[in-house]
Amino acid sequence: MGMRETILGDGFYRYDPEGGRPRGAADRPHLMVRDGLLQPALEERTASGICLPGESLDDDEMGGPVQFPGGIAMPVQIERVLGFGRSFSFWPLLFGLACCAIEMMALGGSRFDMSRFGMEAMRASPRQADGMIVAGWCSIKMAPRVVRLYEQIPDPKWVLAMGSCAISGNVWDTYNIVQGIDSLIPVDVYVPGCPPRPEALWQGLEMLRERVKQSRHAYDGLRRIPARDVLAAQTAAAEACAPAAGEVKA
Amino acid sequence: MSALMDAITAAFGARILETGDFRGDLTISVAPEAWLEVLTFCRDNEATKFDMLDCLLGDHLPERAAAPFALVAQLVSHTYGHRLRVKTALTEGQAVPSVTSLWPSANFDEREAWEMYGIGFTGHPNLIRLLTTEDFEGFPMRKDFPLEGTVGGRVRTDLRGKI
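As given, the protein sequences belong to chains X and B, one line each in that order.
Counted the way the working numbering counts, the first sequence spans residues 1 to 250.
Counted the way the working numbering counts, the second sequence spans residues 1 to 163.
Simulated from the structure, these hints should not be mistaken for lab results.
Just to be clear, a hint being listed does not mean it is correct.
Unchecked claim - Okay, the calculated beta carbon distance ranges per label pair:
(1) X:152 - B:147: 30 to 38 Å
(2) B:146 - X:124: 52 to 60 Å
(3) X:151 - B:2: 52 to 60 Å
(4) X:105 - B:143: 33 to 41 Å
(5) B:65 - X:239: 46 to 54 Å
(6) B:142 - X:81: 19 to 27 Å
(7) B:49 - X:127: 50 to 58 Å
(8) B:143 - X:194: 21 to 29 Å
(9) B:10 - X:194: 52 to 60 Å
Being a predicted model, the structure only gives us computed values, none of them experimental.
We treat Cβ as the ideally placed atom computed from N, Cα and C, and that holds for glycine.
The shape of chain X in the complex, shown without the other chains (with noise of 0.2 Å):
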């Protein structure tokens, strides 16, 4: 099945218009089963989704109008003014796990101060944000949390993966850490260090910035999660299984 279509028939997202490979996080790195487990296809970890500052795009690039289901084409121009206005009033969702949650809230207080970016209003529920910045080391037990509250934020949405550990699981290559939270959501910015001083963050959600004003997600060319593709490939696996364990029975 082509792209156009895979997308049309799945609602409101940004589709090659070339027929060819997914733009955005679509080959970012995710869980993938192997060996009968679910564990993070590492070695697959790709870089690309990443957008520079200065960075702009023509309407090619654009990827065309935006198809809405049943056919309805949004102009290009239309949807670069909802991204200029989202880019100011960007409300990340209230939520940190580790010490970078620190530094985080060092850039809402009064010295670095990001209400003057319009992000200061940081929404404790995920139906009223417009993103995540994951703030820290994510643990496999706090994984689906993290998961959970992505899908509950509505799109469009972004992520800001922030410090090492959210990054990549930095020295905790442990039994307990999630190697990088871009195996289990689609991650829009990295932003390096441990933890990123205020200032970094900020450039990284500068970043963002310009992402929401282009209207490019991480999740563009995705449509679904990883982490649901793994569970969806788990449960044809097990169907799959079950007739043939019934046969050996009867």
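Given the coordinates of chain X, assemble chain B onto it according to the supplied hints.
Relative to the frame of chain X, chain B by itself:
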């Protein structure tokens, strides 16, 4: 030795295997069979009155071949302001009676000691994993647990129904 230690040694005598006093930090060692009895005494006796279990934790000492595991309880008395450390040495797979009946706060501490070191507690009301996922295998704070890699089911969690 203080009145506190006098009261305990008078009550248990040779069943206190070892006593220690490091700059006022009092420590006693007991056999696992006397664990519940000694702690019950420490809580209820008029001379000790340890009304609080500060923490209860496990330890793994593989160089101690005969009894590689240790269980340590830190007691605090708000009546007298004194503290006591009670230790016991355990072999692999050996269980001790739970002290949740004495101090309810021991509930989480014992769950953690069980999940991290595999120390069993008989009579615990809810001895399930506390910090790791339900399907985790192994006891990660043991010295022989691998430091790195996909051990114990690192990302084997079944996310269905949770996200």
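Structure-based check of all given hints:
| no. | hint | result |
| --- | --- | --- |
| 1 | X:152 - B:147: 30 to 38 Å | holds (35 Å) |
| 2 | B:146 - X:124: 52 to 60 Å | violated (39 Å) |
| 3 | X:151 - B:2: 52 to 60 Å | holds (59 Å) |
| 4 | X:105 - B:143: 33 to 41 Å | holds (37 Å) |
| 5 | B:65 - X:239: 46 to 54 Å | holds (50 Å) |
| 6 | B:142 - X:81: 19 to 27 Å | violated (59 Å) |
| 7 | B:49 - X:127: 50 to 58 Å | holds (51 Å) |
| 8 | B:143 - X:194: 21 to 29 Å | holds (27 Å) |
| 9 | B:10 - X:194: 52 to 60 Å | holds (54 Å) |
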